[in-house]
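Line by line, the protein sequences give chains A and B.
Using our numbering, you'd call the opening residue of the first sequence number 6 and step up by one each time.
Using our numbering, you'd call the opening residue of the second sequence number 17 and step up by one each time.
Keep in mind the hints are simulated off the structure, nothing from the lab.
Owing to the predicted nature of the structure, the values given are computational and were not obtained by experimental measurement.
One or more of the hints may lead you astray.
Calculated pairs, BS3-like style, for lysine-lysine (alpha carbon to alpha carbon, straight line, at most 30 Å) [stated by the list, open to error]:
no. : chain 1 : residue 1 : chain 2 : residue 2
1   : A       : K531      : A       : K492
2   : A       : K81       : A       : K305
3   : B       : K198      : A       : K325
4   : A       : K81       : B       : K101
5   : B       : K198      : A       : K492
6   : B       : K18       : A       : K489
7   : A       : K510      : B       : K311
8   : A       : K492      : B       : K273
9   : A       : K181      : B       : K186
10  : B       : K18       : A       : K317
11  : B       : K101      : A       : K105
12  : A       : K98       : B       : K187
13  : B       : K273      : A       : K181
14  : A       : K105      : B       : K311
15  : A       : K98       : B       : K186
16  : B       : K231      : A       : K41
17  : B       : K34       : A       : K149
18  : B       : K187      : A       : K105
19  : B       : K273      : A       : K190
20  : A       : K447      : B       : K242
21  : A       : K305      : B       : K242
22  : B       : K18       : A       : K181
23  : A       : K489      : B       : K246
Just the calculated beta-carbon pair ranges, DEER-fashion [what the hints assert, rightly or not]:
no. : chain 1 : residue 1 : chain 2 : residue 2 : range
24  : A       : S169      : B       : K222      : 47 to 55 Å
25  : B       : C56       : A       : S183      : 46 to 54 Å
26  : A       : K514      : B       : I165      : 16 to 24 Å
Glycine included, each C-beta is placed from N, C-alpha and C at the ideal position.
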Amino acid sequence: MNQSKILYETFNARHFSHADVAETFVSNSDFFEIAKNAHTVILGPRGCGKTTMFKMLTTPALKNWNPKTGKDIELKENIPFIAIYIPSDELWKKQLDSFKESLSHNPEIIKIISNALITTNILSNFCKNIKDHIECTFEKDITKEFEYAQNLIKEWSLPDAANSLSSVRQALESRKNSLIAKIEKAIFYKDQTNKGVDFHESYFLDYIQCIRLACISFERIYNNEKEIKWALCFDELELVSRDFFEELIKKLRIAPPNILFKLSSGPLADVSDSLAQILHDFTIVKMWPYNYDQEPRYQKFCEEIAVQRIRKVMESKNSKKCEDIDMLHIFGDLDYNLLALKNYDFKVNPSAKESEPNSLTWHVFKKLGELDLNFARFLDKNGINPENPVPRVQKHQDTIIRKIKEIVINRLVFMRFDPNNRERVSHSSQTRKVFPIYYGKKTLLNICEGNPRFIIGMLADMFNQVELTENVSELKITPLDQVKLIKDISDRFMAMLYTYPSSQKINNKYYDLEWLITRIGEYFDKEVNKGEVKINPANSFTIDEKLGREFYEILKLGVDLGAFIKLDQEKNIISKDNKLTRYRLSYLIAPQFKLPLRLYAARNLGRILRNEPITIGNQLKLGEGNEN
Amino acid sequence: MKINYASHSSFEKATNEKFDFIICASGYEKRASYFYSRFCETYSHPCEKISLSFKDRISLSRDENDIFFKDHLFTPIVLESGNLKELIEIYSEIFSHTNDDSIKILFDYSCMTKVMYAALLKYFDVTNDLFEEVTIYFVYTEALFSEPIDTNSNLHNQPLLFPTVELTDKKIALIVGLGYEKGKAQGLIEHMQIENPDTYLFYTSKSNDEQFYNKIIENNSYILTKIPEKNHFQYEQGNTTYTLNLLESLCNYLLSKDYRVIIAPLGPKLFSLISILLYIKYSDLTVLRVSPGIKGVAIERLPNTQKSPNIIEVNFNATSKQQI
Chain A
6 MNQSKILYET
16 FNARHFSHAD
26 VAETFVSNSD
36 FFEIAKNAHT
46 VILGPRGCGK
56 TTMFKMLTTP
66 ALKNWNPKTG
76 KDIELKENIP
86 FIAIYIPSDE
96 LWKKQLDSFK
106 ESLSHNPEII
116 KIISNALITT
126 NILSNFCKNI
136 KDHIECTFEK
146 DITKEFEYAQ
156 NLIKEWSLPD
166 AANSLSSVRQ
176 ALESRKNSLI
186 AKIEKAIFYK
196 DQTNKGVDFH
206 ESYFLDYIQC
216 IRLACISFER
226 IYNNEKEIKW
236 ALCFDELELV
246 SRDFFEELIK
256 KLRIAPPNIL
266 FKLSSGPLAD
276 VSDSLAQILH
286 DFTIVKMWPY
296 NYDQEPRYQK
306 FCEEIAVQRI
316 RKVMESKNSK
326 KCEDIDMLHI
336 FGDLDYNLLA
346 LKNYDFKVNP
356 SAKESEPNSL
366 TWHVFKKLGE
376 LDLNFARFLD
386 KNGINPENPV
396 PRVQKHQDTI
406 IRKIKEIVIN
416 RLVFMRFDPN
426 NRERVSHSSQ
436 TRKVFPIYYG
446 KKTLLNICEG
456 NPRFIIGMLA
466 DMFNQVELTE
476 NVSELKITPL
486 DQVKLIKDIS
496 DRFMAMLYTY
506 PSSQKINNKY
516 YDLEWLITRI
526 GEYFDKEVNK
536 GEVKINPANS
546 FTIDEKLGRE
556 FYEILKLGVD
566 LGAFIKLDQE
576 KNIISKDNKL
586 TRYRLSYLIA
596 PQFKLPLRLY
606 AARNLGRILR
616 NEPITIGNQL
626 KLGEGNEN
Chain B
17 MKINYASHSS
27 FEKATNEKFD
37 FIICASGYEK
47 RASYFYSRFC
57 ETYSHPCEKI
67 SLSFKDRISL
77 SRDENDIFFK
87 DHLFTPIVLE
97 SGNLKELIEI
107 YSEIFSHTND
117 DSIKILFDYS
127 CMTKVMYAAL
137 LKYFDVTNDL
147 FEEVTIYFVY
157 TEALFSEPID
167 TNSNLHNQPL
177 LFPTVELTDK
187 KIALIVGLGY
197 EKGKAQGLIE
207 HMQIENPDTY
217 LFYTSKSNDE
227 QFYNKIIENN
237 SYILTKIPEK
247 NHFQYEQGNT
257 TYTLNLLESL
267 CNYLLSKDYR
277 VIIAPLGPKL
287 FSLISILLYI
297 KYSDLTVLRV
307 SPGIKGVAIE
317 RLPNTQKSPN
327 IIEVNFNATS
337 KQQI
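Extracted from the complex, chain A is given alone in its bound form (with noise of 0.2 Å):
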């Protein structure tokens, strides 16, 4: 990959050539889960890396993949399946959505037809693996290949005039053109009976049985008749129909022992509770930091991803091998203290103690208690003088001043403060543009949210803006540089999300995922920053079971795209636990709220939005909820 395609990459592995996946690969430990002789399904948001892993479990990836353990290693070589990577993706799903709708006065033309497209999608997808998996894997044996494409001629109903894995793959198309015909007929002339389109056999194939007998063929052709285990790997089962995902469920249950299940889609499955228990026999893959103990094992993944891309531009730029990459160094660290003397001439006395007179505490403390009339009284509450700010115990050091500090700062960094109304504060227009407490390695970590695709679209942002160094060790992003970074793709983020047509029409009213977001977004600012001063302020929302069936879509499309971060106290809560999981902003979206990067308490989502008909049954009933 050269360093022009470095600069111009989105990374989104599905459509990135084998190689070029593996060249860039990165394996953690999720992949060697993923990789195992189980059923497994995977769940994280978009662009945690699911299209990447199952990619990486083909034969041309192996192939090409440069291993860098041992374990590595031993994994490209005993690798003990044969996968199938079978996409879906958005346009996959807007087609089928949108044929649906074009026929929604003909549920059982919509059947049918549905069917018959996923199994021709899944047909062709095996088809073009197991040639990719053939060119890889045998010398070119052409007899072979057309004893093989005869055999999937007669198992899957096809017209007898292929003779190559190609000719198939043509043959499948041509099925699901004379299917698009009949979908245009159907439409324009109203069959309600469905006389006129004809159902060829062909239509009510079934894909595991097509997939069995294929894989029966080939271990006959090109493996002495011996068994071969193989994976499915269905990716992004979160944009296919709910009826296709539990479907594909049940047929767990009958599938042939040699042929293992790989599902992925995104944190929230949407499946019943009865078939998600069924999941719970097999293993459970997230992707994504869902409770706090899996931060740093993300943080830790990302920046090794981040290490050898920037390893990769700069030894493409100076032509020489760049071992020591510090991200530390090159990012710096974020210092709450700097940003508190940066704004305000503070006179500090270094060697006074934290919350001593004239230490940096004591007048950041001091100085947000003359500005915020709600500071004052949190202070004066808790028995601290506001125009002295030092604990009288010892224990308040502990208990309030070290666990509000981060809040006192952001308050003063990011609000302005009517001098003439003590309790009347806003954004401030400085920093309504510039985010200054994003920056710093640790933050970008965090702020990727394990994401890969966040962290590579960020570093070749950075890549395009920044003057690179001849040396590394010369490298260094400044914090303005880094905050603009921070800025345009969480901008870039939210214009994404707010391209999603989620919107939900409820009593003539438009609800959808950025009224969703800023509602609540809006909440959390007021929590952390405006008002009322909490030690505890609330950053994340809980749901409960009467949250209405269009608000759950909404909230769960969130979850799907990594607006929303799903927090599990267990790893195998797979859909909606509603005692036991929290929700909160994704890191990405903090900066348009000013909101720290750190989890505070929770409230449930009825009390966020207050006066909105989010229950279910009574759309009228506004919404409610008690402090959690």
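For chain A, the structure is supplied; the task is to place chain B on it using the hints.
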């Protein structure tokens, strides 16, 4: 019927035609009635006149336009501007009563939604037995420049017409007709997860409207940097034939390379119309409708009276092979 040809035409040529139908939109913009107010000064051939007006967003200049069209003896039809099925039924109702084998239609789409003119083209595309020949003059009046408003979240992001379905073992290429709203094109590219080298940008050239051009460049600066320059194409609104050929060549090339091809017209309506014409010709293209729909804010747009209306003549023929 199949499209026989599509070519650039002129105001003068249109005034010399004998139309069977004149169809305009009575929208909320002042420019909705501008073209006909000029056209009727020189055109007097009797024909059936219809004004299509929206059920929603009855604001700004809508009342004035309703009165104008009523005064000029247009028959009003009120409809949902985004309901494809309803629109095709309306067009069917309008045209199926005529006894002529050959009809000519003047269709002012300046203030119409994409669905309204897409439905008209689709109607004639699938209508096989009513006419020998149909000629449609698509008329567009440019608006004076006005600043873009903040992008609303989209109500629609789906195939514009009855779709094709493409198998997922092919790569996707996205052709974006850039508009001047900040973040809209960028959001779409990231939403569809298209690689930058597989994304192609079409935007109007500086000579067309400098202010509009500058705003396109400003509000799409990120993607204009990220998408390789060889994938940038500029066009002039007045040179329809060139734009049509350019877009068709690119689509042909991408289809031959086994791509699934999406066209997302986010900018000028002319580009949307051309995209739809190509969709009618190549059934394996997908044209996306990306829009806030009725959630969008109604904005007044005044006609640019210094410019001649842009007119494209589209001819459908019952027997011809498609040529465009």
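Quick rundown of the hints versus the structure:
no., hint, result
1, A:K531 - A:K492, "holds (21 Å)"
2, A:K81 - A:K305, "holds (23 Å)"
3, B:K198 - A:K325, "violated (41 Å)"
4, A:K81 - B:K101, "violated (54 Å)"
5, B:K198 - A:K492, "holds (15 Å)"
6, B:K18 - A:K489, "violated (52 Å)"
7, A:K510 - B:K311, "holds (11 Å)"
8, A:K492 - B:K273, "violated (37 Å)"
9, A:K181 - B:K186, "holds (14 Å)"
10, B:K18 - A:K317, "violated (53 Å)"
11, B:K101 - A:K105, "holds (13 Å)"
12, A:K98 - B:K187, "holds (15 Å)"
13, B:K273 - A:K181, "holds (19 Å)"
14, A:K105 - B:K311, "holds (24 Å)"
15, A:K98 - B:K186, "holds (15 Å)"
16, B:K231 - A:K41, "violated (53 Å)"
17, B:K34 - A:K149, "violated (66 Å)"
18, B:K187 - A:K105, "holds (23 Å)"
19, B:K273 - A:K190, "holds (29 Å)"
20, A:K447 - B:K242, "holds (27 Å)"
21, A:K305 - B:K242, "holds (28 Å)"
22, B:K18 - A:K181, "holds (22 Å)"
23, A:K489 - B:K246, "holds (28 Å)"
24, A:S169 - B:K222: 47 to 55 Å, "holds (51 Å)"
25, B:C56 - A:S183: 46 to 54 Å, "holds (49 Å)"
26, A:K514 - B:I165: 16 to 24 Å, "holds (20 Å)"
Checked against the numbered hints given earlier, the structure breaks hints 3, 4, 6, 8, 10, 16, 17 and satisfies all the rest.
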